[in-house]
Amino acid sequence: MTGLLRAEVRKLTRRKLFWVMLVILMVVMGMAAVFLLVVPARAPEAVPRMPVIRKPDAYLLGAQQAIGQSWFPIVLAAVAMGGEMRSAAFAATLTRDSRRWAHLFARLAVFAAASWSATLLAIGEWAAVTAVLASGEGAPDVDVWVGMVWKSGLVVSTWTALALAAVTLFRSLGPALGAALAFSFVDGLVSLWTAYRPVSLSTNSTAMLGELSGFASGMGFPGLDPIPPGRATVVVAAWAVGLVGVAWASLQLRDV
Amino acid sequence: MSVAVRLRDVHKRYGETRALDGLSFEIPSGVLLGFLGPNGAGKTTTFRTILGLARPDRGVIEVLGMRVGPETSRIVKRVGAIVEEPGLYGFLSGRDNLVVASDTLGFGHERIDELLAFVQLTDDAGRKVAGYSKGMRQRLALAAALLGDPEVLFLDEPLDGLDPAGQAVLRDQLRRLVDEHDKTIVMSTHDLGDVEHLADRVVVISRGRLVTEGSLSELTAGGDRVRVVVDDPDRARRLLAADGFTVDGEADEVWVAGTDGAGVIRTLANAGVYPSAVIPERRTLEEVFLGVTGEQP
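From first to last, the protein sequence lines are chains E and Z.
The numbering of the first sequence is our numbering, which starts it at 1 and goes up by one.
The numbering of the second sequence is our numbering, which starts it at 1 and goes up by one.
One thing to keep in mind: the hints can contain errors.
Here are the computed lysine to aspartate or glutamate pairs in the DMTMM-like style, where the Cα-Cα straight-line distance is at most 25 angstroms [claimed, not checked]:
(1) 77(Z) / 62(Z)
(2) 16(E) / 124(Z)
(3) 77(Z) / 26(Z)
(4) 16(E) / 96(Z)
(5) 77(Z) / 149(Z)
(6) 77(Z) / 231(Z)
Rather than coming from a laboratory, the hints here were simulated on the basis of the structure.
With the hints as constraints, model all of the structure from the sequences given.
As structure tokens, then:
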């Protein structure tokens, strides 16, 4: 397993994909921070319906925004593993039937860890913008920050598992990437439906961090009951386990 | 001679397509085997089933005395393979590709330098593989396949698309692996010339079935004519025809059918005509291939 992890880390860090995506994520988060925190406070006439998010809620909003960047773990995992599926390299390594779970776990661990690192950097970037430019006072307690850290890890692991499941099911990068991104989009959209909302991956991902009541009511969609963070965490964890199971079964039960 | 690979009545379907249809053959240890067949004959599927990448619907496959399926994890530690395109990472250097392959497959790094030297890539080991020529990629893939010091190598069209110099280098390396390192190599190819240059034995499949197998000399023998080299071909033709032989050929060519050559020499010598050579006709591998498959390789 150590060798597999070492190999995955070497591959991931030597290709441009991760670094380019990291830059894009940081730019997106920086722009979002300025738009959501600075513009409503400094130029409210430009965005009249946008509420002013103050500290300490602004920090929590940043974590939600970072966790909401599901495209990052999906694209990273799908492209990295999809490229291998296209060549015979992965197929050859999977020759070892008994180690298929190990190959899957190594990729899940490394891709998720990479996405998690990027997400934490994005949260940090947002926090820096908040500290300097947002109005209001105060910051979340330490336990809230700790919660942001491990909860963001769970969320990116789940989106990574979704991408791996899609790749192992479709065995082709394009359809797998399209399906995973489409799911993330549709899941967020359909979560407005009250029957689906309790199991929506994207909604429960952000609900894990707690609700921003003022922000939500200010943006619209009133009347949706908040999902308790504990319950949301259970739902996201269930998604993660289920998606890893799909990926494993897809590798185990079909020809490589 | 021990058997390296044995297939017995192997079947594999992809939907309605029968990729393998009762395929059976054996490969002795320590030979370079040319694995031939027309497009769609089932060559790659055969490799994939042997390597455990595809599960056969029926039949038994043994590699080095172990059964594919229950013992695949033991088998793959003793075989190397290049199936379809070489599985290399263009964004990594040649050396890093071998490091990653070693780590992924659970081998140590101690053979990497030796293998880079064997495939003549030591000087280019630090360059990204994206900048390698196809020949260099194939050689690096060969090095990767050799990382675990395998006893059997399965190479799917390893010489395909290489320039003549690249082919020559790789041919030499493959031959050395068999002659000097006692490897067994199973090499699929469309190029019958490669097989004639390299292979000890040949297996030909078509539509997922074995159509012929044997040593190169066995397969290319079997022409029932001899060519007679003689100073006076016209007189030789007349003498042989008069003695009841079926004679063919024009000008300097004298071909005699249905004989092993001894009768030809006796007839001509009795008449005072002494041939400088009587050469049994050998079929080319292409003729053998076309004869058994009816298709282009």
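Pairwise hint evaluation, residue 62(Z) against residue 77(Z), where the allowed Cα distance is 25 angstroms at most = It holds: about 14 angstroms lies between the C-alpha atoms, which stays within 25 angstroms.
If you draw a straight line from the CA of residue 16(E) to the CA of residue 124(Z), is it 25 angstroms or shorter?
-> holds, 21 angstroms
Starting from residue 16(E), check that the Cα of residue 96(Z) is at most 25 angstroms away, please.
-> Judged against 25 angstroms, a Cα distance of about 16 angstroms means the pair holds.
Starting from residue 77(Z), check that the Cα of residue 26(Z) is at most 25 angstroms away, please.
-> holds, 20 angstroms
Compare the distance between the alpha carbons of residue 77(Z) and residue 231(Z) with 25 angstroms, and conclude whether the hinted pair is satisfied.
-> violated, 61 angstroms
Within 25 angstroms, alpha carbon to alpha carbon, are residue 77(Z) and residue 149(Z)?
-> Between residue 77(Z) and residue 149(Z) the Cα gap is close to 9 angstroms, so the pair holds against 25 angstroms.
Of the hints listed earlier, the one the structure fails to meet is number 6.
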